[in-house]
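Trainee: Okay, here's what each chain looks like letter by letter:
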Amino acid sequence: MKHAAARHPTRTVEALSRRQGSHRTVAQMSTALLLLVAFDVTSGLQHLLAARLVALVLALTLPGATLMGAFRVRFRSGFVQWTAIFGLSAATLMAWGVAGSMVMPHLGVNRPLERMPVLLAINFVTLVATVVAGRDSDPVLDFVPGCGHIRPKHVAFAVLCAVGPMAALAGVEHLNGGGSNIGVQISFAISALVLVVGAWLAFHDDMPTAQACLFSAGLAMVWIFSFRGSHLFGYDIQQEFQRFEVVFGAGRWSPPTNGDPYASMLSITALPAMLAHLTGISGLYLFKGVFPIFLAFVPGLVVHVAGRWSRLGPAYLAGTYLVVLPQFTGQLPGISRQEVGFFFFGLLLVLLVDEDLIGATRQIAIVIDFAALVVSHYSTSYVAVLVLTLTWLAYGAIRLFGVMKGRKTSQRRRRRRFVPIVSLVTVLSGIGMVFAWDVGITHSTSNVTHFASEVIDKGPDFLPNATGGNILTRWLNGNVGSSQTPSEYYTTASNAAKTQRWLNPYPRSITSQFPAQSAPQSQSNAGIDPSSSGTITTLATTVTEIFLVFVVAGAALLLVRRFRREAPSEIAIFGVAFLLFVGYTRISGSVAGSYNIDRAEFQSFMFLSIGLAFTIDFLVRHLRWIAITGLVVALAVLFATNTGESSVVSGGAPVSLFNFGPGYDQFVISDEEAAAAAWLIHSSGSNPLIYTDEYGTLRIWDATTYAAAPQTLLTPATIDQGSWVLATQYNVQGRAYGSSGGQVSYRFPRAFLNTVKDVVYSSPQSRVYR
Amino acid sequence: MTAKHLTATPDQAVHKRSASVIVGGLIALVLVGAVVQFGSSALGSLGVLSRPQRYIAIAIVDPSRLPLRIMAGQPARITFEVFNRMGHNVRQPWQISVRSGTHETVAARGVAPVTSDSDSMVSVNVRIGHSASDILIAAPGTGTVPLQVHIPATTG
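Note that the protein sequences, when read in sequence, are chains A and B. Mapping to this note's numbering: the first sequence position 595 is 600, numbers consecutive. Mapping to this note's numbering: the second sequence position 148 is 786, numbers consecutive.
No wet-lab data here; the hints were simulated from the structure. The C-beta atom is built at its ideal place from N, Cα and C for all residues, glycine as well. Don't take each hint at face value.
[What the hints assert, rightly or not] A few chain A positions that, by computed beta-carbon distances, are all more than 12 angstroms from chain B:
#1 Ser384
#2 Glu550
#3 Val554
#4 Gln748
#5 Asn759
#6 Asp763
[Unchecked claim] The calculated label-pair distances, taken between Cβ atoms and stated as ranges, are:
#7 B/Ser761 <-> A/Met107: 35 to 41 angstroms
#8 B/Gln733 <-> A/Ser517: 47 to 53 angstroms
#9 B/Arg747 <-> A/Asn452: 30 to 36 angstroms
#10 B/Met759 <-> A/Ser517: 38 to 44 angstroms
[What the hints assert, rightly or not] Covered by chain A, per the in silico footprint, the following chain B stretches (three or more residues, Cβ under 8 angstroms):
#11 670-682
#12 685-693
Please build the complete structure, drawing on both the sequences and the hints.
Mentor: Written out as structure tokens, the structure is:
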């Protein structure tokens with residue numbers, strides 16, 4: 006060998022070079038391979054919580070990180086890079102969820118979403134991506150964002166950001182166990198502090214750190230709600246969890262045969278099922294803990310989008326506005342599918358507006374993200390497709406008009422390659438994937454058909470509740486559900502029951518002895534002047550409407566070239582399309598019946614934050630500290646209202662702080678209630694006729710796989726003689742909630758039920774009547 | 639703020655910092671997992687880890703098959719279950735009463751031993767009088783309201 010080398014020196018250099026190259030390649034792959042081994046090992050140690058957590062984090066980062074390496078994409082913002090890694094990992098898992106479920110059973114693997122098949126799939130994807138990326142770079146260390154020189158202030162900042170969510174978990178668990186709300190209050194205080202620190206950093210142009218502040222504060226606030234109670238918190242999430250349990254039990258995802266939209270969404274079925282099998286973490290904690298992480302990324306992404314054409318400080322305040330919106334903590338923790346949907350929509354906006362992600366890489370990334378969005382949540386993807394299509398058509402028409410007018414373009418412009426934000430490929434791929442998934446594969450178009458039938462039956466149904474009052478009141482109340490008195494509810498329930506021809510009611514001679522009564526008062530936050538509650542609510546509503554004006558003003562500023570600065574007119578059109586959409590949802594009863602107004606607003610504000618940042622920037626430039634102070638005070642009012650902290654001065658019993666009050670009654674499910682519901686479904690045979698009130702339904706969905714909706718017209722005249730009745734904790738205490746043409750709280754008809762039915766199950770906090 | 643395609647491999651210092659972020663994150667996760675799993679009793683006593691609810695429940699067995707008629711003066715079999723969710727074994731007293739108008743008489747009573755997180759079935763014969771209107775099954779000291787079965791028709 007030595008002699009051969011001496012004879013052929015050039016060959017020796019090549020061999021050495023090859024050997025050095027192979028050493029370098031192995032070294033570059035070593036981090037990914039080590040992490041893959043760690044993932045495989047921890048996935049097998051499911052009896053250790055630490056191993057479960059490590060496996061979960063690696064499952065949601067390693068595939069994405071190595072794929073980013075293979076595609077050689079790195080964002081300058083470390084926050085966006087982590088978000089993209091997280092999203093690509095989730096998208097990869099969902100891709101296996103559908104591909105594995107479709108293909109593997111034909112190859113003899115009937116449960117492809119269980120641990121071993123998913124583990125092999127992740128190993129395969131990670132290894133291939135590592136090998137592809139490893140030729141030139143380390144697929145993990147080159148593409149996972151680290152940080153600059155680590156200084157004490159970085160450590161202090163990391164601790165501050167970590168302490169908020171940890172304090173939230175400790176505080177809410179203390180409250181769940183019957184303790185005081187001091188832990189939750191401390192957590193809210195830390196979140197507020199983190200938001201202020203983030204604002205300071207943003208006004209000093211530290212983008213990723215400011216985004217991390219929003220993530221930390223957002224996650225802490227959402228976790229306080231999602232971890233409330235020992236069961237799932239919220240309404241829709243109960244049905245989502247039922248669909249997850251079916252897929253988890255089956256070990257594979259199948260397109261629903263009945264077009265069930267919930268069962269069609271991979272975000273709440275295949276994704277958590279695979280994570281639960283891979284890590285051993287229960288579905289309950291995945292829904293409570295992991296889905297809010299998707300949502301917590303959203304404000305940071307919005308800052309990235311808004312900061313593309315604004316200064317970072319105003320962009321940060323626009324992102325903060327999303328965090329303090331009531332739907333962020335009040336609704337989204339209970340709608341897991343939309344947490345994932347908004348995450349992918351936020352990432353889509355980033356991919357659309359990011360300036361240096363160009364060419365085929367950009368388009369592929371957009372299509373992958375759009376695909377993940379379509380399989381994650383139908384309504385979010387419908388809105389995205391609708392607005393993108395409108396933007397493309399409008400901007401195309403404007404450009405065509407400009408060409409037909411023969412407008413001269415400058416030589417500089419002509420040389421510059423035109424890259425539209427919304428391309429035809431993006432629009433067509435979006436439309437194609439929505440059709441393929443919702444119509445071709447899952448047949449889950451009930452949302453669209455419901456909207457279409459509403460429009461055909463009622464037309465746009467402008468401001469359905471706009472009667473009386475001044476024009477402002479009519480605007481504010483025009484599309485919001487009304488409330489009823491107990492007597493009105495009994496009447497509307499009785500009228501509604503007339504269409505139930507199968508109903509065998511009790512004789513009127515009996516039911517007439519039990520008229521409607523008001524609900525007994527829940528425990529209250531004593532010592533507070535009740536009149537202050539209305540003042541705080543009015544203040545919060547006013548602030549929200551002022552911000553809406555800012556958003557509209559910002560969209561208008563975008564249309565004016567002088568204010569738009571370098572932002573293209575396509576962005577202005579995009580904004581106007583969203584503004585039209587959000588305006589229509591605000592006034593149309595038909596839309597309100599198909600897509601929740603608050604969530605439609607949230608989705609629109611994710612993009613319109615560009616306009617909001619423009620307005621804030623304008624105000625800050627012209628009014629300086631007056632504007633900043635006013636904005637901080639306005640955001641603080643919304644923060645206090647939506648976290649429940651305002652109850653300190655306004656009374657009330659927000660569910661985030663108290664173990665009583667309407668929110669607690671409705672959404673915090675006790676073990677006893679769940680056990681009663683499970684016993685009821687187990688004991689009532691096939692096709693039982695079950696009655697409970699509006700929120701008793703959640704106890705049944707939470708504790709069982711009973712997917713049908715129980716009868717909720719729980720009044721003496723509308724209860725069937727042969728039915729079962731589930732009484733919840735607050736029912737036992739005398740309160741019941743209903744909804745039939747309006748929201749109502751009324752006295753639970755206990756005296757009537759004790760007269761006509763048997764008590765067949767009893768625990769201190771629940772009851773079943775037969 | 640924006641994205642770029644890599645054209646060069648970052649230096650080793652950057653690799654070290656990225657590795658330190660990854661290793662630091664994983665160590666933090668392991669610590670959190672270990673503390674929550676092995677320190678659950680300490681966390682519970684500090685009140686930062688809520689515990690399952692503790693309670694006793696009672697239920698009629700197979701309530702769909704409650705008798706439509708009970709013959710007065712004849713023994714009627716009453717079967718019910720006691721669910722123990724107290725976290726320890728209990729000896730749960732029970733009592734069956736028969737109500738006639740406003741008057742209640744105890745027809746049977748006993749104690750059901752129930753192991754932790756399980757249930758125990760109790761089955762007894764009671765005689766129902768002519769004027770009886772309800773059978774009440776109670777688990778005293780548990781905070782539950784008695785089970786209540788209306789006697790639909792009493793014939794001699």
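Trainee: Against the earlier hints, flag every one the structure doesn't satisfy and list their numbers going up.
Mentor: 5, 6, 7, 8, 9
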